[in-house]
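Chains E and A are the protein sequences, given in the same order.
Counting along the first sequence from 1, when you hit position 225 you're at 225 in UniProt numbering, and nothing is skipped either side.
Counting along the second sequence from 1, when you hit position 76 you're at 76 in UniProt numbering, and nothing is skipped either side.
Source of the hints: derived by calculation from the structure; they are not laboratory data.
In this text, all values refer to a predicted model and were calculated from it rather than measured experimentally.
The C-beta atom is built at its ideal place from N, Cα and C for all residues, glycine as well.
Take the hints with a grain of salt, since some may be wrong.
[Stated by the list, open to error] Computed from the model, here is a short list of chain A residues facing chain E with C-beta under 7 Å:
1) Trp115
2) Ile118
3) Leu119
4) Ser121
5) Lys135
6) Leu138
7) Ala142
8) Ile178
9) Gly179
10) Thr258
11) Phe270
12) Ile281
13) Ser282
14) Ala301
15) Gly304
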Amino acid sequence: MSTTSIPLVGAARPGLLGKLWRGNVGPVLVVVAAIMVVWYVAAVAMNWQGVSERFARMGQDASAGAVFWQTMAEDRPMLPVPHQILVELHKTVLDVAPTSRRSLVYHATETISATLVGFLMGSALGVLLAVGIVHLRTLQKSLMPWVISSQTVPILAIAPIIVVVLGSIGLRGLIPKAIISAYLCFFPVTIGMVKGLEAPDRMQRDLMRTYSASTAEIFWKLRLPASLPYLFASLKVAIAISLVGAIVAELPTGAQAGLGARLLAGSYYGQTIQIWSALVVAAACAALLVVAVGLLEKAVMKAMGGRP
Amino acid sequence: MSSFVERRLSSPVKVAWLVALTWVGCVYALGLVHQPDVAGDASGGFWALVIALWVVATLSVAGLAGLKLRSKPGRLAVDLLTPFLFGAFLFFLWEVIVVGFGVPPALMPPPSAIWERILVSTDLLWADFRQTFLKGVLAGYAIGCLSGFAVAILADRVPFLRRGLLPVGNFVAALPIIGIAPIMVMWFGFDWQSKAAVVVVMTFFPMLVNVVAGLEEASRMERDLMRSYAAGYWETLIKLRLPAALPFVFNALKINSTLALIGAIVAEFFGTPIVGMGFRISAEAARLGLDMVWAVIAMAAVAGSAFYGLVALVERAATFWHPSIRK
Numbered sequence: 001m002s003t004t005s006i007p008l009v010g011a012a013r014p015g016l017l018g019k020l021w022r023g024n025v026g027p028v029l030v031v032v033a034a035i036m037v038v039w040y041v042a043a044v045a046m047n048w049q050g051v052s053e054r055f056a057r058m059g060q061d062a063s064a065g066a067v068f069w070q071t072m073a074e075d076r077p078m079l080p081v082p083h084q085i086l087v088e089l090h091k092t093v094l095d096v097a098p099t100s101r102r103s104l105v106y107h108a109t110e111t112i113s114a115t116l117v118g119f120l121m122g123s124a125l126g127v128l129l130a131v132g133i134v135h136l137r138t139l140q141k142s143l144m145p146w147v148i149s150s151q152t153v154p155i156l157a158i159a160p161i162i163v164v165v166l167g168s169i170g171l172r173g174l175i176p177k178a179i180i181s182a183y184l185c186f187f188p189v190t191i192g193m194v195k196g197l198e199a200p201d202r203m204q205r206d207l208m209r210t211y212s213a214s215t216a217e218i219f220w221k222l223r224l225p226a227s228l229p230y231l232f233a234s235l236k237v238a239i240a241i242s243l244v245g246a247i248v249a250e251l252p253t254g255a256q257a258g259l260g261a262r263l264l265a266g267s268y269y270g271q272t273i274q275i276w277s278a279l280v281v282a283a284a285c286a287a288l289l290v291v292a293v294g295l296l297e298k299a300v301m302k303a304m305g306g307r308p
Numbered sequence: 001m002s003s004f005v006e007r008r009l010s011s012p013v014k015v016a017w018l019v020a021l022t023w024v025g026c027v028y029a030l031g032l033v034h035q036p037d038v039a040g041d042a043s044g045g046f047w048a049l050v051i052a053l054w055v056v057a058t059l060s061v062a063g064l065a066g067l068k069l070r071s072k073p074g075r076l077a078v079d080l081l082t083p084f085l086f087g088a089f090l091f092f093l094w095e096v097i098v099v100g101f102g103v104p105p106a107l108m109p110p111p112s113a114i115w116e117r118i119l120v121s122t123d124l125l126w127a128d129f130r131q132t133f134l135k136g137v138l139a140g141y142a143i144g145c146l147s148g149f150a151v152a153i154l155a156d157r158v159p160f161l162r163r164g165l166l167p168v169g170n171f172v173a174a175l176p177i178i179g180i181a182p183i184m185v186m187w188f189g190f191d192w193q194s195k196a197a198v199v200v201v202m203t204f205f206p207m208l209v210n211v212v213a214g215l216e217e218a219s220r221m222e223r224d225l226m227r228s229y230a231a232g233y234w235e236t237l238i239k240l241r242l243p244a245a246l247p248f249v250f251n252a253l254k255i256n257s258t259l260a261l262i263g264a265i266v267a268e269f270f271g272t273p274i275v276g277m278g279f280r281i282s283a284e285a286a287r288l289g290l291d292m293v294w295a296v297i298a299m300a301a302v303a304g305s306a307f308y309g310l311v312a313l314v315e316r317a318a319t320f321w322h323p324s325i326r327k
């Protein structure tokens, strides 16, 4: 392994293809292609039995060739092939009006709006808690252990109760989902922010003290700027689990709209293609949200005069 | 304010008196609130007592946090007592407010009712625990962590694979993997196997990413030393790089211990035999049996913390040399 990382002194400079190969792009493409191949093979293998049995029952031509093509065109396959999912995505994202119940855009907006509201509430709570924990010794001693141990509890299990309890006092729709998201995502923000606010070392704090800076000034001029990289790292984690929270919150109570509801409906009616396309959209949402936080980070860092 | 309290309450005796006062007051208030003529219809005087207790409790927690003790066991005791008192007081408030205002149990049961529910339904809870935790979680956790570890070693052996797998693994680790639960239920049936399958996928990627990062931990110089001893790849791996990667491995094991429980419980929302923690939660929540739901959650909390604690204990024993533990 160590031999490959030695720079090739005097070797010819690699061309574009070589660069791709040596960087991450080439290997990632190969791995993704390999996953696709495995996917197709697995789909054919998993759907084979069902198709061949149905063909035999209906007295159709059950030759290997006919069965092979049918495994990739089933209505409710055990495992749909990628191009079936793409067709379904095209149908439910582009062909249907985005306000229709059959549109995945509609369901995704529903889930993302709950995710974002929950993310904002949770991060605000997380930052507030962190500021309190850093400044008050009492809170640090009494609250911090609970914040940490709250993470060893399967918090997601609590989702159904929150939805039911809030539903019975008249809160439905977006708010219960957002609360679950907030509950899930406050933790990484608190932990990261506490670490970030404590990042300035003794000497920097002493310097502020020799300037006779007040606690508030130390906070705004030293601690807060120093904490931002930590904050953004945990915000990226937080927004991803905020999405998970919103999806899970839609599961147990039979919500009508949202990606979670779409998953549940697909699982009731055995619509595997629908489940997979909802999953792909959920994955795309997660990626989009994390990238958005990354862009925000870059913008904030630039505004603060940071150099990349 | 807190620094003022800390200065005023520096003597352990004063703090001990405050803690004792809080304790006695809370016990008295608990007895009072369960009187038939107080429950659901508590007077202003009672709430004044609760608020006074709140102030005293805040003072005693602040006093405890500010204590500067010489002896090591004393400091440890205070470090444990402070969060314990804080948590106990939160439970006290929960109980007093729910009983005092007469909140309907279908909305929010008091902790005492949840505790009674736990005591009368231990058989049911044990069956749920066995189904979800002992079967689904443990099987999935073992398979997921081991296969993540194995693939990480493979990726380490083949640098090309590492460069390709790591970005993909990082991407997948950020996805809402929990969504594959309905598919796994479809493939592996309603019983615990499908839950274990969800747990396998959820625990695989954190382990993969962490082990690959951990194997980079051994420095160039240490590796060169191994090379000068004429150690081969496997010997270097087992004697140098894996031990150096242990903190990362345990980090993944700890992350996975909570992920596994979440995965198994949520997968049960998609169909299960009529036993299991996730089934119990969704069934009882639907018919507003909230004391049972809270009982299951209390059990999940204890199981989750115990699992995490166990992994942390093994970590302390296995990575005793690491600076974060050596202190």
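Right, here's what the structure says about each hint:
1. With its C-beta approaching chain E no nearer than about 17 Å, Trp115 (chain A) sits outside the 7 Å limit, and its interface hint is violated.
2. At about 16 Å, the closest approach between the beta carbon of Ile118 (chain A) and any beta carbon in chain E exceeds 7 Å, and the interface hint on this residue is violated.
3. Among the interface hints, the one on Leu119 (chain A) is violated; its C-beta lies about 20 Å from the nearest C-beta in chain E, farther than the 7 Å criterion.
4. Hint status for Ser121 (chain A): violated, given a least beta-carbon distance of 17 Å to chain E, over 7 Å.
5. About 16 Å separates the beta-carbon of Lys135 (chain A) from the nearest beta-carbon of chain E, more than 7 Å, and the hint is not met.
6. At a threshold of 7 Å, the smallest CB-CB gap from Leu138 (chain A) to chain E is about 15 Å, leaving the interface hint violated.
7. Checking Ala142 (chain A) against chain E: minimum C-beta separation of about 18 Å lies over 7 Å; hint violated.
8. The beta carbon of Ile178 (chain A) comes within 6 Å of a beta carbon in chain E, closer than 7 Å, and the hint placing it at the interface holds.
9. Taking 7 Å as the C-beta contact cut-off toward chain E, the hint placing Gly179 (chain A) at the interface holds, the least distance being around 5 Å.
10. Evaluation of the Thr258 (chain A) hint against chain E yields a held restraint, the C-beta minimum of about 6 Å falling below 7 Å.
11. Nearest Cβ of chain E to the Cβ of Phe270 (chain A): about 5 Å, under the 7 Å cut. The hint holds.
12. Look at Ile281 (chain A): its Cβ gets to within about 6 Å of chain E, closer than 7 Å, so that hint holds up.
13. Hint status for Ser282 (chain A): holds, given a least beta-carbon distance of 5 Å to chain E, under 7 Å.
14. Satisfaction of the interface hint for Ala301 (chain A) is found here, the shortest Cβ-Cβ separation to chain E being roughly 4 Å, below the 7 Å cut-off.
15. For the restraint placing Gly304 (chain A) at the interface with chain E, the shortest Cβ-Cβ distance is roughly 5 Å, inside the 7 Å limit, so the hint holds.
Against the hints set out earlier in the document, violations occur for numbers 1, 2, 3, 4, 5, 6 and 7.
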